[in-house]
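For this one, chain A is given, so just place chain B on it according to the hints.
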Amino acid sequence: MKAVITVIGQDNVGIIAKVSQECARYDVNILDITQSVLKEYFAMVMLVDISNCNIAFTDFVDNMKDLGKTMGLQIITMHEEIFQSMHKI
Amino acid sequence: MLNTKDILETIHMINDEHLDIRTVTMGISLLECCSEDINRVCAKIKENIVSKADKLVLVCEQIEKEYGIPIIHKRVAVTPISLIAASCQSLCQDDLIKIAKTLDQVADQIGINFIGGYSALVHKGATKSDQLLIASLPWALGETQKVCSSINVATTKSGINMDAVYDMGKIIKQTAQNTADRNSIGCAKLVVFANIPEDNPFMAGAFHGIGEAECVINVGVSGPGAVHSAVKNAGDCDLSNLADTIKKTAFKITRMGQLVANEASKRLQVPFGIVDLSLAPTPAIGDSVAHILEEMGLERCGCHGTTAALALLNDAVKKGGIMASSHVGGLSGAFIPVSEDAGMIAAAASGALSIDKLEAMTAVCSVGLDMIAIPGDTSAAVISAIIADEISIGVVNQKTTAVRLIPSIGKKEGDMVNFGGLLGSAPVMRVSTLSPEKFINRKGRVPAPIHSLRN
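Top to bottom, those sequences are chains A and B. Quick note on numbering that gives the first Met the number 0: the first sequence kicks off at 0 and runs consecutively. Quick note on numbering that gives the first Met the number 0: the second sequence kicks off at 0 and runs consecutively.
Mixed in with the good hints there might be a few duds.
As the list claims (entries may be wrong) - No farther apart than 30 Å at their CA atoms in a straight line, the calculated lysine-lysine pairs in the DSSO-like style are these:
| id | chain 1 | residue 1 | chain 2 | residue 2 |
| --- | --- | --- | --- | --- |
| 1 | B | Lys-123 | B | Lys-442 |
| 2 | B | Lys-247 | B | Lys-145 |
| 3 | B | Lys-43 | B | Lys-4 |
| 4 | B | Lys-265 | B | Lys-246 |
| 5 | B | Lys-156 | B | Lys-411 |
| 6 | A | Lys-64 | B | Lys-265 |
| 7 | B | Lys-4 | A | Lys-1 |
| 8 | B | Lys-246 | A | Lys-1 |
| 9 | A | Lys-87 | B | Lys-411 |
| 10 | A | Lys-1 | B | Lys-54 |
| 11 | A | Lys-87 | B | Lys-231 |
| 12 | B | Lys-145 | B | Lys-411 |
To be verified - Rough simulated footprint, nothing fancy, chain B against chain A, three-plus residues with beta-carbon under 8 Å:
| id | segment |
| --- | --- |
| 13 | 6 to 15 |
| 14 | 67 to 81 |
If you're looking for bench data, these hints aren't it; they were derived computationally from the structure. Every residue gets a Cβ at the ideal spot worked out from N, C-alpha and C, and that includes glycine.
Only chain A is shown next, with the shape it has when bound in the complex (with noise of 0.2 Å):
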C-alpha cells in the first residue's frame, strides 16, 4: 500500500531530513520525492510505501500533520489511492 505525503508551505533547511526521519521511526519506506513551486506555495511531494507501517495509518497521518505544525508546514498525508482515482481513467 502507498500513501503520497505533501509538504506546502515555506522553504526552509531540514525538511527533508525531518520528514524522512519520522517516516524511517514508522517504518514508512520513501519510494520517490519531486520538489515544486505552484503559485504561490513550495510543495514537496513524496509517494512512500505503508505496507510495513508499525502504527495505525490514521496515527501516522496524525503524527505527520503534528511534525509540520511544529515545522510551520502543512503535511498532508493521504492515500495514493484518492489521486489515482481522481486524475486517472
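Relative to the frame of chain A, chain B by itself:
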C-alpha cells in the same frame, strides 16, 4: 510517480474549494420489523438499525482520515415507516410518533446526523397507515431532532394525488406552528415529492425503497466550490468549452465519491448502491451553486438567463459524472436550496431571485423549491397550490421535483430566518396572496399525462 500538479490540485480542491463527500447514507430495510405489537416494532427497529449501522460513523471517520477527504454527514435511510406501521394492530397516531421517537433515539445512539424514511408513498392513494403518518407529522417532526420525512404525492405514471396535496398544505402549516419557537425547523425536515427516487442519499428526502436490497451504501458528493473555481479559471471561453470544463471537474468529484463508496461498502460489508452526482451547496462562502451561475456571466442569480445557465451546468455535471461511477442514482443534478447557498441567499435578499424564477429553474435541475422561507400567515391553500405547481413540473417532465417550504411564523416578507448549521438562513420570500382555494378544495386526482402511457 504521480503528477505533482494533480496531487496539489486535489489538495487545493479539498482545502480551499470545499470539496467533500456530503453524505454516506446507509439504506436499511425495516420490513422484518413488522409486528402486530407497536412496542415490538420499536424494539425490532432499534435492534435492526444498531446491528447494521453501529460502525457507520467509525468507518466513515477512518476513511476521512486515511484519504484526507472530509465526509460531512453520516446518515441512515429506512423503509417508509407507513409500510412498517401498517402491520400494527389498532394503529393510532401516537404509535407513529412512538416510532419517530425510536428512530431519533437510535440516530443519537449510533452518532449519525440524520435518519430519513419517516415517509409515505401516496401518489395514487393513501392507506390508513399513510394517513396516520401524514397526520402525525407536525408532532413527530416537532418532538424529534434527526428524523426526516418525505411524502411522495405524485408520479408521472399515476398522476397527482390532490387529496394528499391538499393535506400537505395544512400539515406544513401545522408543523411550522408546532416548531415556531425554533424558527419552524420542523418544516426543514419535511419534503413533498413527485417521482421520488428510492436510493437518494440526501436529506430530507432519503428513504430505503422497497425495490432495494436488505442494506446498501449510497454516497452523495458535493463540490460547487471546485466547479466555481474551474469556471473562473476557464476565463472568457465560449459555452461549449465551459461545458467541457465543468464535465472534467464533475468527473473528478464523482470519482472521489465512487472511491469512498467502494471503500465504505468494503469495510462495512454492505453492497454499494449508487453515487448521487448532485452539486450540493452549503452556506459557506465559496460553496455556492448561485455563484457558479454568476461566474458563468450573470450579474446576479435570478436574472434572465439563469435558467439557461443552470440547464447547462446541470447537464455538464451529469455528463462528467456518469462515466466516473459504476452506478449513478438518487437525485443527481444541481441543488438550488435558498437557505443553504450563500449566493441564493444574497440573490433572494436583494430581490433578484423570486419563487417564480426558482420554479422555472427547477424544470432544468434536480429537486425543486427547496428551503424557501415564506410568510407565516400564508394560507394552507396557497402552500398546497405551490406544491401542486411544482409537482406538475415533475410529473409532466418525467423527473423528480420536490417542495420544502418553511412558513416562518410571525415573520413577514424580507425578514431573515436562521435555521443553523448546514440549513443556513433565508429571507422570507414573497408569495402571491391571490386565492387558489377553490381549485385546491376540489381534491381528487390529476390524471397521469398522456406520455406516461408508454407500454
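Hint by hint, here is what the structure shows:
no. : hint                  : verdict
1   : B/Lys-123 x B/Lys-442 : holds, 13 Å
2   : B/Lys-247 x B/Lys-145 : violated, 35 Å
3   : B/Lys-43 x B/Lys-4    : violated, 52 Å
4   : B/Lys-265 x B/Lys-246 : holds, 28 Å
5   : B/Lys-156 x B/Lys-411 : violated, 38 Å
6   : A/Lys-64 x B/Lys-265  : holds, 27 Å
7   : B/Lys-4 x A/Lys-1     : holds, 18 Å
8   : B/Lys-246 x A/Lys-1   : holds, 29 Å
9   : A/Lys-87 x B/Lys-411  : violated, 52 Å
10  : A/Lys-1 x B/Lys-54    : holds, 25 Å
11  : A/Lys-87 x B/Lys-231  : holds, 24 Å
12  : B/Lys-145 x B/Lys-411 : holds, 28 Å
13  : 6 to 15               : violated (count 1)
14  : 67 to 81              : holds (count 7)
Comparing the model with each earlier hint shows violations of hints 2, 3, 5, 9, 13; every other hint is respected.
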